[in-house]
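Enquirer: Protein sequence lines, in the order shown, are assigned to chains A and B. Take the first sequence: its letter number 456 is residue 456 in this note's numbering, and every next letter is one higher. Take the second sequence: its letter number 157 is residue 157 in this note's numbering, and every next letter is one higher.
Quick caveat, the hints were computed from the structure, so don't treat them as lab data. Only a predicted model underlies this, so the values are computations on that prediction, with no experimental measurement involved. Fair warning: there could be bad hints in the mix.
[To be verified] To give an idea of the chain A side of the interface with chain B (calculated C-beta under 7 Å), a few residues: (1) Pro92; (2) Thr222; (3) Leu380; (4) Ala383; (5) Phe388; (6) Pro415; (7) Ile418; (8) Lys422; (9) Asp429; (10) Gly430.
All C-beta atoms in this analysis are idealised placements derived from N, C-alpha and C, irrespective of residue type, glycine included.
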Amino acid sequence: MADDIAIGIDLGTSYSCVSIVENGEPVVLPNEWGEVNHASVVSFLEDGTVLVGNSAKRNIITRAETTVYSAKRLIGRYFFSDEVKKAMAVMPYRIVEGDNNSVRIQVRDQLYSLPEISALVLKEMKAIAEQYLGRPVNKAVVTVPAYFNDNQRQATKDAGRIAGLNVLRILNEPTAAALAYGFGRDVNQRVVIYDLGGGTFDVSILEIGKDVFEVLSTAGDTYLGGDDFDDRIMTWLADDFLARTRLDLRQSKYCLQMLKEAAEQAKIDVGQKGTADVLCQNICQDASGQVMDLRATLSQDQFNRMVMDLVQRTFKVCDEALQSARLTAADVDAVILVGGPTRLPIVQNSVRHYFQKEPLEGINPDQVVAMGAALQAHALMDARTETFLVDVTPLSLRIGTVGGYTERIIEKNTPVPIDRSKTFTTSRDGQERVKIRVYQGESNRADECEMLGEFEFAGFRVGYRGEVKIEVTFEINTDGIVNVSAADTETGQKTSTTISLSSGLTEADIQRSILQNRQTRLARGMVHAVPPGTSRDVLPDLPSAVEG
Amino acid sequence: MSEPPDKPGSGAPDSPGETPRKTTTQPLAPVDPSEVQEAGFETTGTFRDTPLPGVPKLDAPFPPAPPPGPKAGAAPPAGPPRPAAPRTALPRPGAAPGQATPPPRPGQPPGIGAVAPAPPPVPRTPTREQPAAGPPRTPTREGPAAPTAGTRSPPQAPLGSPTGEFLTEQARASGPAPQPGVVPARVFRPTDTPGKPAVPPLPSLGVNIAPVIPPLAPVKAGPPRTAAPRVPHRPTRDPMSETSIGIPVVPPLPPAEAGGPPPVVPVVPPVAPAATATPAPGDPESQVAWKAERLDTLDYFELLGVPTTASAGEVKRAFYTESRAYHPDRFFQLDDEAFKTRVHEVYKRVTEAYYVLRDDVRRKKYLADVSGPDRASKLRFDELSEKETIAQVKQQAAEQIGLNPKARQQFQTALGEIDRGNFVAAERGLKMALTYEPQNALYKEKLTEVQARLYEESRGKAFKIK
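Please take these sequences and the hints and turn them into a complete structure.
Expert: In structure tokens:
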């Protein structure tokens with residue numbers, strides 16, 4: 001029976017949640033200190049153990065170089081991508097380049113891939129669930145932003161495997177939220193999920209027909225989230241401080257961290273109380289060694305002006321989603337807000353104004369995604385519960401053609417799973433292999449799209465050029481992950497495929513990481529008393545279902 | 001952690017204390033970030049030897065040492081609540097007051113310049129919004145790619161239409177239904193396909209021109225048995241669309257023939273299949289098997305179980321019904337991998353059908369395809385169909401108003417002239433339009449029309465004058 005349970009994990013940029021279904025109702029699981037939102041922060045301690053969660057978050061300042069956070073911003077990205085460059089500038093931990101343009105995090109003299117970091121967060125989630133349930137857990141549904149591309153999904157899936165979890169499904173966060181809302185409610189509605197998370201913004205429009213959840217369209221911005229709101233406040237605080245003291249706090253990553261924390265708190269306060277008092281004691285010393293404090297007061301108005309353009313940007317994305325679904329804001333029956341920043345009055349008011357509708361009340365924006373994931377996990381495990389998610393692919397799938405251009409194979413917002421075939425031929429006599437580059441994105445220029453990988457086909461009949469026809473089938477499965485296969489159309493012979501993903505982990509890497517992850521011990525938060533009888537350090541050795 | 005703030009409108013208290021601060025921030029805007037930052041990187045170095053742990057020490061960006069800077073000297077130590085002086089001073093630190101500012105740093109006292117290999121300037125948060133042009137990234141990515149393209153042959157351009165068509169058909173046979181059992185199973189099918197090409201399309205008739213099936217049954221004992229169990233589930237599963245068709249009694253079993261002729265022997269008892277049908281209804285496995293086997297002979301309408309005349313709403317409802325029956329999640333717990341692949345194949349085709357049929361343009365094109373003579377090769381809406389559709393849409397637009405803007409303009413004025421009865425001007429306009437777009441059929445048609453009118457008019461006039 002032990003293998004019968006599957007958990008739902010919302011692996012967020014800043015916070016993660018884990019949930020299971022109990023008696024037909026999704027329950028968000030607390031850790032031993034009663035916290036249900038766990039910071040997605042991994043802190044590597046001196047004794048070799050790893051601290052994950054809110055206690056690790058406290059280490060961002062004190063052990064900045066060995067504490068990794070916001071890993072989700074980097075997962076599945078190439079080292080040369082803008083996001084990575086930006087992160088290198090602001091993150092106190094060391095980001096280095098690995099093989100094939102991949103990104104690695106250096107902690108002391110150890111290199112970690114991003115899936116390995118995320119795997120540690122997942123491992124913590126798993127441990128929380130195991131402790132709650134009192135038995136091992138090895139199956140999970142993990143959520144990702146709807147706008148994640150194939151590389152990012154694949155990397156997330158790898159993270160799950162490394163953490164010893166059999167990832168049943170990679171689920172889109174907005175879809176999960178819709179599921180949590182519509183499950184068992186027997187509604188027939190069109191709903192908009194406005195998901196403003198820590199690092200990403202997604203909007204999905206779904207049509208719920210009882211137990212069928214059809215995503216009509218999805219759109220998003222992977223560079224927009226609550227962190228950007230914090231950044232605005234940080235900029236303001238730093239500029240203000242600079243003006244008064246002529247000291248630039250941004251020059252020190254340590255000051256920057258304190259600023260970041262203050263800004264985050266200010267954002268929350270301003271949302272709740274309408275005004276925020278910022279106080280950072282001992283934030284720095286000036287030239288003469290005098291210790292300085294940072295004080296400021298942020299009013300709602302000021303804050304609104306700072307972030308208005310960011311909020312407006314979300315509605316451009318909403319426009320796009322509505323347009324793809326061929327709907328107008330008036331066709332929408334309900335609006336569901338997901339993600340911590342949607343608690344801000346400015347966001348709520350703007351959403352109300354845009355859709356001319358009250359956002360739905362009574363949905364916890366931090367937990368709804370994890371609950372949806374748990375429901376989906378439950379539905380997959382239990383033959384009696386039937387919910388059918390019909391998701392779409394958020395990005396067009398393209399192949400590279402001559403001259404740096406691409407050609408579209410599968411349009412965005414096409415329901416998945418789906419496959420599409422294309423016939424290729426050889427260009428030289430006696431050619432033995434054909435290489436195809438696959439991209440995802442909306443531009444017809446290759447360099448403006450995200451490259452998923454190169455696929456090389458061999459093993460087809462050798463013949464004169466143009467004579468050999470290879471039919472290549474591109475498939476997007478229910479996880480939103482792309483598979484490619486090829487066959488010689490005349491002989492029907494399947495050709496062998498080698499996939500050289502440029503930033504993915506090889507199978508050997510994964511196996512090694514699995515071992516390493518299993519040996520890594522999760523530390524307990526130092527600030528908390530250790531509850532007697534906790535056996536979290538033992539858990540990693542539990543049997544886990546890891547497929548070869 | 002935080003409760004949803006109930007704070008309504010924000011506008012409220014801009015307390016008097018803040019307003020001054022706000023004004024203080026404004027003058028800062030012009031500060032050139034790079035300048036200030038660079039100065040700062042030196043300070044991270046000094047920070048390490050700070051005695052006070054946890055409190056990073058920041059040097060003033062403008063060392064108090066060089067007094068020449070009129071304001072620089074004054075500002076940092078005092079940290080004065082900013083009168084007008086610093087604000088004017090700050091904006092241009094790098095440019096004007098040479099000595100005090102970062103650029104001259106290299107020549108400055110060693111203690112400061114030491115950290116020379118400063119990392120690139122910390123991008124300040126504002127940069128975040130610019131998605132940042134990717135010039136640096138392009139080369140990296142193109143780098144490895146280009147050479148390979150040279151040595152190995154790059155992907156080929158898509159094939160021309162005839163081959164493509166042929167190929168897709170072939171692939172279909174092998175591709176989607178890899179189980180060896182499938183193809184042989186269709187042996188008895190010949191009867192249904194051959195009739196088709198010759199047959200005039202009957203688009204108005206729904207999927208359910210099923211009666212053809214019965215004749216098959218008598219011919220072979222075997223086939224009907226295999227086919228039989230699958231017959232029945234259709235009605236149970238999909239009552240909605242059935243009723244809409246109006247012949248609910250007949251199981252739409254042999255949809256392969258849908259487009260085909262109902263001519264032969266519709267008389268034979270449709271009862272028989274219905275009777276044998278009963279065992280199957282509840283059994284999802286046989287449903288899937290049934291569908292998987294016929295995957296390559298069903299068109300999208302048949303697949304979804306809707307008539308070709310179905311409305312968008314009906315298509316959607318049918319898709320939901322099919323989703324409930326064939327969604328892979330439904331069979332997730334099963335261990336039978338082969339069966340799961342089959343479900344997956346079926347469901348992929350279902351979503352494909354829905355994708356095509358929900359779109360009016362594609363649907364129209366597809367309907368024309370499957371009710372045409374090459375139905376067999378057009379059952380799937382492939383890349384070729386997609387291209388043809390796009391071409392068709394373009395063509396239509398072209399025919400409607402013309403592709404060339406000048407031609408369109410001339411054509412519009414010509415139409416106006418026709419309305420006004422000024423046929424000479426209209427003829428001129430149309431001829432002009434045709435010089436821009438000699439191929440446009442609509443223009444030509446209008447022109448002959450106008451010329452005919454002119455001819456009549458001239459005859460009439462001539463008659464009158466005489």
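Enquirer: Run the structure past the numbered hints and jot down the numbers of the failing ones, going up.
Expert: 1, 2, 9, 10
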